[in-house]
Amino acid sequence: GNSVTQMEGPVTLSEEAFLTINCTYTATGYPSLFWYVQYPGEGLQLLLKATKADDKGSNKGFEATYRKETTSFHLEKGSVQVSDSAVYFCALSVNTGNQFYFGTGTSLTVIP
Amino acid sequence: DTGVSQDPRHKITKRGQNVTFRCDPISEHNRLYWYRQTLGQGPEFLTYFQNEAQLEKSRLLSDRFSAERPKGSFSTLEIQRTEQGDSAMYLCASSERTVYEQYFGPGTRLTVT
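Residue numbers (the working numbering), protein chains in the order written: chain A, 12 to 123; chain B, 59 to 171.
Just chain A, with the same shape it has in the complex (with noise of 0.2 Å):
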């Protein structure tokens, strides 16, 4: 079947660490990739994709590359700002875009 594992939060960085998260995939056919960013009070917005094995997906200072050996698609920046916090979803797209697949969410806050 076809699913999305993210590292579990709640996370907590000082402001200017290196941020990771972890998110790990199963899918039937060839998924494309996605990092959503819900920010406090707002709806689900578009962070990040890749469509193909070795795609970089990048914006805001944030990366993510499509690894198909390892299945994943870690979301990762080299220093956070206290307006990163938010919940970030990882998530994946088969048969091209007919269907979606969330992970749970993990929470980031970012501290001064």
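Calculated directly from the structure, the hints in this document are not laboratory data.
All figures in this text were calculated on a predicted structure; none of them were measured in a lab.
The reader is advised that the hints may include incorrect statements.
Said to hold, decoys possible - Covered stretches of chain B (chain A as the covering partner; in silico rule of three or more C-beta atoms under 8 Å from a C-beta of chain A): (1) 95-107; (2) 123-132; (3) 162-170.
The beta-carbon is built from N, C-alpha and C at its ideal position, and this holds for glycine as well.
Starting from the structure of chain A, add chain B where the hints point.
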């Protein structure tokens, strides 16, 4: 603003009542998705439309749930004979045909008493 909109934002209903939610996608998007999200969980895919055609509905939670998109624009999600377990946030998203990133609405929070 031309984002995805949902109505109502909040709905409180008594067990056994029917409820209907509306979603208006971004105007040029022909794909529309419905999700349910419970506290502490990620969105759970329910169904998907391409234009007016419902191409995936096997993930609807039970036969009490149904969705329509009669003219390929707005969509409605109906829950019949609501149960307390239906209490959740119901999310709508839309996307263009050839790209898969979805744009989400703010959601409708349903509380069944």
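Query raised in the report: Which earlier hints can't be squared with this structure?
Result: 2
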